Amino acid sequence: MDLHRFDRLSETEWRVDAFDGMRVPGVIFATEELIRQMDQKVFDQLINVACLPGIVQGSYAMPDAHWGYGFPIGGVAAFDPDLGGVVSAGGVGFDISCGVRSLRTGLRAEDVQAMKTRLANVLFRRIPAGVGSTGRVHLDTYDLDAMLCGGAQWAVERGYGVKQDLERIEERGCMKGAKPMVVSDHAKNRQRDEMGTLGSGNHYLEVQSVVKVFDAEAASVLGIQEGEVVISIHCGSRGLGHQIGTDFLKDMAIAAVDSGIDLPDRELACAPIHSEIGERYLGAMRGAINCALANRQILTHLLRQAMEEVFPNAELTLIYDVSHNTCKVEEHGVDGRSMRLYVHRKGATRAFGPGHPDLPEALRTIGQPVLIGGTMGTASYILVGTKESEQHSFSSSCHGAGRQMSRHQALKNWQGRQVVDDLGKRGILVRSPSYRGVAEEAPGAYKDVSAVVEAADRAGLSRKVARLEPVITIKG
Amino acid sequence: MNYWAHFSHEADVGIRGIGASPREAFEQAAVALAAIVTDPRRIRPLEEVPITCSAPDHELLLVDWLNALIYEMATRKMLFARFEVCLTGGCLKAKAWGEKVDVVRHEPAVEPKGACYTELRVKQDTTGAWIAQCVVDV
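Residue numbers (my numbering), protein chains in the order written: chain W, 1 to 476; chain G, 1 to 138.
Hints in this document: simulated from the structure, not taken from any laboratory. Check the hints yourself; a few may be wrong.
Stated by the list, open to error - In silico EDC-like links for lysine to aspartate or glutamate, alpha-carbon gap of 20 Å or less: (1) W:387 to W:454; (2) W:41 to W:13; (3) W:250 to G:48; (4) W:250 to G:107; (5) W:250 to G:47; (6) W:250 to G:119; (7) W:250 to W:276; (8) W:250 to W:185; (9) W:250 to G:39; (10) G:100 to G:47; (11) W:179 to W:279; (12) W:176 to W:331; (13) W:116 to W:315; (14) W:412 to G:107; (15) W:212 to W:469; (16) G:77 to G:57; (17) W:116 to W:262; (18) W:412 to G:48; (19) G:93 to G:72; (20) W:212 to W:145; (21) W:387 to W:315; (22) G:77 to W:7; (23) W:425 to W:110; (24) W:41 to W:80; (25) W:179 to W:145; (26) G:93 to G:48; (27) G:123 to W:265; (28) W:250 to W:226; (29) W:163 to W:315; (30) G:77 to W:279; (31) G:93 to G:64; (32) W:387 to W:82; (33) W:41 to G:119.
Here the structure is a predicted model, which means the values were calculated and not measured.
All chains, full assembly: derive it from the sequences and hints.
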């Protein structure tokens, strides 16, 4: 990225003042090395978002920002409905509420090492993953609508998990304001057979070893210690979310013209929050959030069943569940006053700091866990939100490593079989139905997650708690 | 003259169909979509599925066409590799031929989530060939 337009405010904060139609400045949080690696499109998209009506304070990009559509992936922007603020389907993305949840197992790394191959095979057999996979839960229209309204709470009521899980999920497992009647039949049809499926691409279920604790106090509150095993699940709202994204991207592109919104880029399809289509989208998006929460809840149930087969005495306890691609209504302080804003986080994680009232009491002293997935060959991280991120980025942080090359290029660089063998030699077992898929997801195709996390920590967006390294990765 | 290609996009996949006419470019773009998942040559044209869509312009119509295919792929658990497209103004009528997903034979790499407006173009290049392209979220 060309940096000549930026003022460097600190080691990790780069700002471009408003120009040419921008209503607010653009800000990127990154080290110099990371920002120089970013595609110039991140700059273009950051600027375009800053032009949208009703945007407040700034158009932000996280340390893992890369070229998205409309918004950069890793983009954060908040809108005031009283200023004609908009909601954007492109500002949320196709995989609505894609996110990560991590669970403690109570097992030590050496316990899992002894049973690693068997555990990998059991997980691969029991967790539906990949293109064409079908879930074990099939929903009729009535159940679908109930799931869209109830989210993970709906799932727990049906025996998928325990009530205690809900405390450790954003929104206590149920996003209010979902409207199943505005979700298309196409979206519901895509979801009927997909509940409790992992998906494909960068989605995974991973058995991880806690190799380093950076913040002993926070780790203690989360119940994790070095040498223990954690299991993380990364997936989203599956076909339903994807279809809602498709449906509304088109509707909003047409509606933006009708509303007189001058879009610098058609990809920024959006609508006024208080418009018919804006409110319809919010109702559908909230349903998709619930779908993702229910999906991860059902996958957790399947995981617990799988673990029972290999480690009958292990108890899996949810650390936290975060979502990346959302638009949520939140109270934030802006210029000394409290404002109710619609905060878009596209490929960014909510990171409420200590004391936030929306956090469960047990976590209020340390802040919201921020779960950052890396790659199957590197590491993942657990962080917690900070008070500073409230001022910097509407309590937002990064979400992952971010790709540094296309799938096309990754296929030229790596053979899937070789990737699996190389990781196997390092003690990491990979199970996937597709070697090509593994090649596309090769660790080298991603940025250095440690550099991204370090930048987020130094920028004050979130604080490092622990580093996790992969032992078994199940990919779709 | 008619062929498909993928172009680079960091997070997702750029697909491109090139043909002597817009409809042939649309057909090739569909093959490029299939190639996101697997080698199209592995897909047998055993079952025919009709598709109809309409949009105000050819670019939006391309996105609608690809998203209609993605919907059929997802709900039928099928992959398609042969296409016959008819374009009349803003209307598209097509037939797609393919088969159910076979994980062993197709080794599907990733599922397309939706076609979007990134790098969206339907236009003639300097040689007179028609190009139909966009980015597909995966």
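Hint check:
1. W:387 to W:454: Roughly 17 Å between the alpha carbons, so the hint for residue 387 (chain W) and residue 454 (chain W) holds.
2. W:41 to W:13: holds, 18 Å
3. W:250 to G:48: violated, 27 Å
4. W:250 to G:107: Not satisfied, since the Cα-Cα distance of roughly 32 Å exceeds 20 Å.
5. W:250 to G:47: violated, 29 Å
6. W:250 to G:119: It holds: about 15 Å lies between the C-alpha atoms, which stays within 20 Å.
7. W:250 to W:276: Distance ~15 Å between residue 250 (chain W) and residue 276 (chain W) Cα, so the pair holds.
8. W:250 to W:185: Status holds; Cα separation ~16 Å.
9. W:250 to G:39: Since the Cα atoms of residue 250 (chain W) and residue 39 (chain G) sit roughly 29 Å apart, the hinted pair is violated (cutoff 20 Å).
10. G:100 to G:47: holds, 9 Å
11. W:179 to W:279: Roughly 10 Å between the alpha carbons, so the hint for residue 179 (chain W) and residue 279 (chain W) holds.
12. W:176 to W:331: holds, 16 Å
13. W:116 to W:315: Roughly 17 Å between the alpha carbons, so the hint for residue 116 (chain W) and residue 315 (chain W) holds.
14. W:412 to G:107: holds, 17 Å
15. W:212 to W:469: Roughly 9 Å between the alpha carbons, so the hint for residue 212 (chain W) and residue 469 (chain W) holds.
16. G:77 to G:57: violated, 29 Å
17. W:116 to W:262: The hint is violated at about 56 Å.
18. W:412 to G:48: violated, 33 Å
19. G:93 to G:72: Answer holds: residue 93 (chain G) to residue 72 (chain G) is near 14 Å, not above 20 Å.
20. W:212 to W:145: Violated. Residue 212 (chain W) to residue 145 (chain W) sits at ~43 Å, over the 20 Å cutoff.
21. W:387 to W:315: Between residue 387 (chain W) and residue 315 (chain W) the Cα gap is close to 33 Å, so the pair fails against 20 Å, i.e. violated.
22. G:77 to W:7: Not satisfied, since the Cα-Cα distance of roughly 51 Å exceeds 20 Å.
23. W:425 to W:110: holds, 17 Å
24. W:41 to W:80: violated, 26 Å
25. W:179 to W:145: holds, 8 Å
26. G:93 to G:48: Between residue 93 (chain G) and residue 48 (chain G) the Cα gap is close to 13 Å, so the pair holds against 20 Å.
27. G:123 to W:265: holds, 18 Å
28. W:250 to W:226: violated, 48 Å
29. W:163 to W:315: holds, 15 Å
30. G:77 to W:279: violated, 32 Å
31. G:93 to G:64: holds, 12 Å
32. W:387 to W:82: With a Cα-Cα distance of about 26 Å, the restraint between residue 387 (chain W) and residue 82 (chain W) is violated, given a limit of 20 Å.
33. W:41 to G:119: Given that 20 Å is the threshold and the Cα spacing comes to 12 Å, the pair holds.
Of the numbered hints given earlier, the model fails hints 3, 4, 5, 9, 16, 17, 18, 20, 21, 22, 24, 28, 30 and 32; all others are met.
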